[in-house]
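Use the sequences and the hints to build the structure in full.
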Amino acid sequence: MNLHAIAQINSFLAALVLLTAFAMLVQRRINGLIHLFAWQGLFLSVNTAMIGFVASKHHLYISSLLTLSLKVILLPYILHVLIVRLKIRKEVETIMNIPLTMLIGIILVIFSYHLTAPVRELSSLITRSTLAVALATVMIGLLMMITRKHAVTQIIGFLAMENGLFFAATSATYGMPLVVELGVALDVLIAAFIFGIFFFHIHTTFDSLDVEQMARLKEGD
Amino acid sequence: MSIEPVNIASSSIALLFLLVALAAVLRRKQHALIAVCSLVAGLASLLSVMAGVWTVGSNITGQVILPIGLPDLPFHLRLDPLAGFFLTVIGLLSFFVSVYSAGYLKGFLGHRPVTRLVVFYSLFIAGMFMVVLADDALFFLVSWEVMAAASYFLVMFEDERPENRRAALLYLVVAHVGAIAILLSFGVMAGITTGFESFNGYTFDAMRQAKFPVAWATAAFLLSFFGFAAKAGVVPLHVWLPEAHPVAPSNVSALMSGVMLKTAIYGIVRVTFDLLKVFPWWWGAVVLVFGLVSAVMGVLYALMQHDLKRLLAYHSVENIGIILIGIGLAMIFTSFQLPMLAALALIAGLYHTLNHAMFKGLLFMGAGAVLHATKERNMEEMGGLIHRMPWTAALFLVGCVSISALPPFNGFVSEWLTFQAFLLSPALPNPLIRLLIPLGAALLALTGALAAACFVKAFGVTFLGHWRGRHNPPVHEADWYMRSGMLMAALTCLCLGIFPTIVIDWMDIIPEQLVGSKIAATAGAYGWMWLTPVAPERASYSGPIVFVGFVFIFAVVYLILHVRAGKIHRRPIWDCGFEKINERMQYNATSFSMPIRRIFGFPFHVKELVRLAPQSAHAAFPKQLHYFLRVRDRFWGWVYKPIIGASFWVSRRIGNLQRGRIQTYLIYSFITIIILLVFTR
Amino acid sequence: MILRQLAIEIVQVALLIGLSPLFIGWVRMLKCWSQGRSSAGILQPYRDLAKLFAKDVILAENASWIFRFTPYLVFGTAVLAGGIIPILSVDLPLAPTADVIVLVGFFAVARFFTALAGMDIGAAFGGMGSSREMTIASLAEPAMLMSIFTVSLANQSTSLSYIVQVICSGQSVLRPSLAFAFLAFVLITLTETGRIPVDNPSTHLELTMIHEAMILEYSGRHLALIEWAGMMKLSLFVMLGIACFAPWGIASGVGLMEIVTAFIAMTLKLGLVAFGIVLIETGLAKMRLFRLTEFLGTAFLMATLGMLSFYILE
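Protein chains in written order, with the working numbering: chain A, 2 to 222; chain B, 605 to 1285; chain C, 6 to 319.
You may find that some hints are simply not true.
Restraint ranges, calculated between C-beta atoms of paired labels, are given here [said to hold, decoys possible]: (1) C/PHE58 to B/LEU713: 50 to 56 Å; (2) B/ALA1224 to A/ASP208: 36 to 42 Å; (3) A/LEU183 to C/CYS37: 54 to 60 Å; (4) B/HIS1080 to C/ARG42: 57 to 63 Å; (5) C/MET262 to B/CYS1099: 43 to 49 Å; (6) B/ARG1202 to A/HIS60: 51 to 57 Å; (7) B/ARG1202 to A/GLU94: 18 to 24 Å; (8) B/CYS1099 to C/SER174: 35 to 41 Å; (9) A/GLU94 to C/GLY281: 31 to 37 Å.
According to the in silico footprint, chain B covers these stretches of chain C (three or more CB under 8 Å from chain B) [claimed, not checked]: (10) 108-122; (11) 161-173; (12) 220-233; (13) 300-312.
Because the hints were derived from the structure by calculation, they are not lab data. Backbone N, C-alpha and C define an ideal beta-carbon position, used for all residues, glycine too.
Structure representation (structure tokens):
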């Protein structure tokens, strides 16, 4: 396949990743959030495999498989089980209304585009233009963590940030060294288990996973 | 001596001063005074229109130095295409309003004398003509003051009511704050021209030759933009507009909204493009941002109103914003050396100036006719007027359709040109601006749609449905003078919409002089019927064909259906079979804008209270419903109240200097003598 | 040559007028099948229109000339719009009369006057419909403009014939900016044509009417014209979407074979689009009015993302 077609498919997948990031921002139901996260992982792993094929970096195939198994299959399953076990309410609560969040998201995209302009000049990779999308995904993940009240949704925001970082690595330098990738993947898996344990604890103590309740833990009154 | 356009313009101003003298003579015979006023003012306006059209069409520039003025600093007059364009705009609307006044002023006979109105009306129009013709800073400021002072007295015409006096005072204060800024700006420019050595830099010619260092040029630009924005009613300096325009007599409101605000636009264009000439891109961005904010805020304010004239006044804020959008884009394109795109944006802004004068004048004249007939300004007490004032309704509808930017009328052409200017922004080299400008285009689209919603409300609540008020006054149609004034304005709106190529061909010399390029080279290239501002493959619009198309299809369908038409039966309203309908169940202005108030109400301070007074037996069926709504402008609390508070505080402190005791004043004199003796040793 | 072009133009307009009820009939049929009901047949809209034309007109006593004028105006704008969108061929004599922005302006004229007609009678339903319709329109306008902006960025033009020619002759199929703009356009189409989830086209319940509320008082041939214009509006929006996003098959000249191919391609595409419409209508429920801010905000978001990805990714 010629380079032009690959570049187009790469751009298209980047656009889909951005789309899923925004869709997670505006989603109102937790199940939908988890599905969107799975889709984002799928787009990322396909993209990674394709880059591995074009740049002949075979360790990217392993990364892609890792992403597929972890982020598309395992993590959504764990989260789904958590929600069922803890009988969590299926709706997302936000601290500001959705059109405002969307507007801030757009501003973040413009900002990250402006920020990555120098890198675009210097890079010679075919994926240089997707760095802006990756940075935007990281920031949108952070925005999600800020504007959500529920612990599970904050976790998904954190995982979306991690997705963005992974995507940034692929766009800027054709992926990180394999050891680093394996380490990060293991960390994410452990983090998921630990979150699960913590959720049970929080739920038993406060009878809810609403992070506003944790304001009770402050020192002063 | 050959007659030049500048002589014609001067004679028109002289005619207006003559009218002032005549008014003093004729003050006993009010009927004759009204007739003479309309005649002379109309004639003067026609002369100005002639001068303006001739100047722009033939690209003539004439200059005259008047023998009056300060010693060694005479007044300069200059009529070039830019001034000629604004002269045409002002003259055209003044002519329509003068004809309209012949009928409108008759409504004051028997209540109060109109001498004062006639005197200040002619001074007002003369002042506006002089502002546009002025070619030096001194004459400009003198005419600016004449215009402001005359309009102050006009706003205060019905001065027995305290709210009218308050509105006029607010207007005067803001106008003078703006005038000070303009004065300072001219001072900076004149000073730089001569190195702060002599007074000769006060002529615009001298300022045109001078080269301004960037810092001083920025200072001059910001000061003049602030000053002209105060006069134009740009947010946040807009607070005087919705107070002053409604309380003035309607013919004056039409002129104030239609053309006085345009003199401020003239000032901005003149100072930026003609006197300062070279500027960085962020000036244009400032103008663009203020234009966008004014446009959106103006239309949102208008949607919250239920007073017809206040609603129209807020729409002037919105339309000034749209004009500033065009000018801001032109400035951005110029600063990046893209003259053809700048020409398109400038034409869009200037075309909207002309359009706004026409349709805003028409709308205010219509509102005046309604006020004249019903003695009512509150829309929520009106309704069903289309049956009793059919001509006024139809002409007001033309104004509503034009201002909502609907084809084939004129508002659509200028908005289309502005959108085309936005769509050319990918040519800009700066990537950040390239990303942000399309968001501005989206805001402009939002403004257009909200304006259409507002005018459905305004027309629907005022003219359609049933009469909503409690008393039912005898309502008569406007008389022939008022109708002719409105009819001429409506026809102009239609012609400006159908024949944009001819107008742009005429106007094209202005961007050539100011930014260095024409657009009609491609605009009429496809023939006079098609407007193709950039290239035919890019975009094209044909006003005449759209108009003919509408008429043709309407006629065809109507004829087909009326060949074997069934009868039309008139019956009571169906309303899904609900029989006990009364006129209080209709939608009025507040209810129409409720969804928009809920969605877009966050910039305002909205207080809405609903209280049910239940019946004793059934709590579910209330006996009475109390509804209270108050929408307040947040700018009063954030900007104006602190400033007013601060200035009162400062004045109180300074007032302490005057204690009323003789010893204190003697001490002041003593200290001054000692200081002078020390320093002049 | 010019006669040929004129003939194609007239054929195109006649097809639009004649076949848009067929399209609506097909959509309704599919909807019935997907909901397990038996349909009234694909020709039912024709029978409805014929019935309405044959009936007398009953006007309220205080209806003004605006009320009587509006049905003709609405029908006229739909026909005029049909003469501009390239359905069969790009080579239409009326094509340079208007570009996409003017097209949006035509629909705005129709909406303005329908809203006025709703307020004309002075019943509560009409005012409610007008108020809601204008609010929704003002929310949809920025999204519509952004979508047009993105399309014009990609094709360097706002003239529809030119857009079709550029897309047909270009190689790149997979452009994220156009994909986003397409999603936004789908949401806008649902809004402007009054389908679920924005407005239920077959309801007469007070709380759920928007378009129906404005035309509640119409009867006889006036109602027939307005209904017909509504059917044409759906077809027009679908054809506009096809012209901007999937125009392969539209003839670039006036040859007979090309026109016939274009006609067959058009019917196939319309048939497929009907499936999409029915899927959306059956799968979603009508949203309450104040939720539409999010819906149209999402459309605006999609369009803006399209514009941004044009600059970022292309």
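query = Which of the numbered hints are not met once you compare them with the structure shown?
reply = none
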